[in-house]
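A.B. asks: The residues making up each chain are set out below.
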Amino acid sequence: MDRVTGRVRAHQLVTVLLTVAAWEIAARRGWVDPLFVPAPSATAGALVRIAGPALAALADTLGKTALAYVLSVSLGVVAGLAVGSVRLLRDVLSPYVIALYGIPKILVLPWIVLLLGYGTSPAVLYGAIHGFFPIMVLVMGAVRDVDRTLVTVAQSFGATPLQIYWKVLLPAIVPSVLAGMRLGIVFCLLGVLVVEMFAGVRGMGHVLGSFANGFQAPELFAATALVSAASIAIVLALDSLNERLSRWRA
Amino acid sequence: MKVALLRFGLLAAVLAVWELAGRAANPLLAVPPSAVLPALRDLLLLRSYPDLPASLWLTVREITAAYALAVAAGLATGLALGMYRLAGRTWGPMLAALYAVPAVVWYPSLMLFFGLDVASKIAFGFLLGFFPITLAVLAGVRQVNPHLVTVARAYGAGTLAVIRRVMLPSMLFTLVGGLRTGLALCVIGVIVGEILGAKAGMGALINHAYGLLRTADYVALVLVTLALVVGSDVLASLLERRARAWTE
Amino acid sequence: MTASRGELIAIEGVSKRYLTTSGPVDALRDVSLAVGESEFFTLIGPSGCGKSTLLGMLGGLVMPDAGRLLVDGAPVAGPDPRHVATVFQDPGLFPWRTALENVELGLELQGVAAARRRRVAEELLAPLGLAGFAAKYPRELSGGMKQRVAIGRALAIDAKILLMDEPFGALDEQTRLLMGEWLLDIWRRTRKTIIFITHSLHEALLLSTRVAVMTARPGRIKAVLELPMEHPRSMESPEMVALRAKLWSEIREESLRAMQ
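Order-wise, the sequence lines are chains X, L and V.
Quick note: the first sequence uses the numbering used here, first residue 5, plus one each step.
Quick note: the second sequence uses the numbering used here, first residue 348, plus one each step.
Quick note: the third sequence uses the numbering used here, first residue 100, plus one each step.
Relax, there's no trap hidden among the hints.
30 Å max Cα-Cα, derived DSS-like pairs, lysine-lysine:
id, chain 1, residue 1, chain 2, residue 2
1, V, LYS235, V, LYS259
2, V, LYS291, V, LYS321
3, X, LYS109, L, LYS546
4, X, LYS171, V, LYS235
Output of the computed footprint for chain X on chain L, the stretches with three or more beta carbons under 8 Å from beta carbons of chain X:
id, stretch
5, 430-439
6, 457-466
7, 531-545
8, 550-562
FRET-style restraints, in silico, Cβ to Cβ:
id, chain 1, residue 1, chain 2, residue 2, range
9, L, VAL361, X, ARG7, 54 to 64 Å
10, X, ASN246, V, ALA173, 41 to 51 Å
11, X, TYR122, V, GLU239, 51 to 61 Å
12, L, PRO516, X, ALA55, 45 to 55 Å
Since the hints were derived computationally from the structure, they do not count as laboratory data.
Computed from a predicted structure; not experimentally measured.
Glycine included, each C-beta is placed from N, C-alpha and C at the ideal position.
Just chain X, with the same shape it has in the complex (with noise of 0.2 Å):
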């Protein structure tokens, strides 16, 4: 570790500290209202109290993203092949497809709920809605930027059309899918936490509404932190597993 980066560490981890320390302090002074803002240490121990049950959602609510990303990554990435590399299906699809990224899908969601009912479902189908779309998106745009020079040379040497998507547009795409399931991941968890709070589905969507309504927010607060811990972590390991494949990128 260099020492420039050292220093940002280190600032980093003062920064944590700090804020912390600062928080506690005003918590137990009452600087903050504890009903609203509870102290690092009441949160510290409503984690250790909440942790079974709050465990158990954190599970329930990944597996439905689970399989909510393994929904959007397939269909995204065949739907962003299919459409990116057939001129007609881009030109006439991606007015269609850019509209319907940019609508907010919550509109759907109460649709969805009437449909499917309070289970499982309406969380990965929407979780599923949600993460579609930027994948779709990302995979249409690599294809079309794939560099022309790569299919003319395996043509040359009498690549038939599936080896030219196998050995060319698939590798060649691998960077903007990773970029997408990336992104995907995050709006697949959005997207099931959403249902979760929308329709009191179990999960920890749910449980983070009911810690809310029930002023409970020093459970809120840890709960929160337990979530957004599971997401930066996953993220983090996106990130890495990205960073690995990519070692042949400038």
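Fit chains L and V to the known structure of chain X by using the hints.
C.D. replies: Just chains L and V now, kept in the frame of chain X:
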């Protein structure tokens, strides 16, 4: 030409399928476009929801407030982080890490803090719009030619002047892109906030219709809200084009 | 225009017209040529004269509007890696593949087994001057090295004919000269038939056994010069000086015409 025809044909086909499926389905669950149109008419004539204008106006005010706050805070934070290298390197990654958390996670805390009122929606919209604006400003500042700053300072420009006369014009392009994304996210944040629990505003109306299984009214309300969303984006893109023309 | 040697490549009355936004453009009109085995045949001409189009046709990537092209007696119907390998001006290396994996590409597309194609590619590295660079990615290679990998990729499939479209065009002069020497060495050892496109008179004179001068658009064969001299050649020899003058006079006219 062929493309335009195909696009139109696709739209017509989708509407046709919707119409047929809607007619065959349980009217509580799905309504065909032909049922939506009268509901829309009733809505716009203020028959089904007389407080539509008030709700719409409220939502617009929430969005405006959230956006104003997001832009102000985003500009300030982005500029500060961009101009003071150590601060940027220290807190920039922490900000980016927070961006990795789905924003809706903060909403229950906001509801606890602000209640179901307007404030929680504004706060949530602000939170959603703040990040992309800050990150865009940060990126924009980082790509400003440092030599220009040196020249400006050599001619006696203070920090504020440097920002006004060197940084903002140099990064206008990136900035406007970020501002546009920020607006879109503020809009989403406010709407999500309203739908997840509000006493007033478009989201509240939508919830009301959904709760009473007034599906046609629900679709009509969604369409009106969509018009709001699209309208705000069109406005933003017009401003973006204006800004681009100015930099060229 | 017909060579007295056996014709490996025959181009007969080939024409090509492109439809552009400003109207139809005749790239080639009634081009006829024959190239024999193991020739180093260079095409030279002003920009836009259709040299690349002609090469593209030989490579099966472009179809003529009139006339035909025969390779080893058979008409060209599409890319035929068993007979023809192409090297482009842009090396077109796959950035996610190492140098070695790039060289293997042609063999891989032909379904050659992994062990065998690895061996073929590895054996090519030393003559390519890339020993030790097998595991490097294109972004770690210089322009000249990238082009050598591209040439290696073409050599690996062991096609009789090598089509080269200004392969050294993007390189600086020193590298160009060295690459030219190196290419001659490869040619002497493999005895392949090379069709080479260049803008450089120097390259054409230094490397080729025959040079065809193309007219400005629409392209036709204006003249074919024989260069029977042995390699390595001296540019100062009287025959060279005379040929250079002749070549330049043929080209100069066309270049002027192309500029109008």
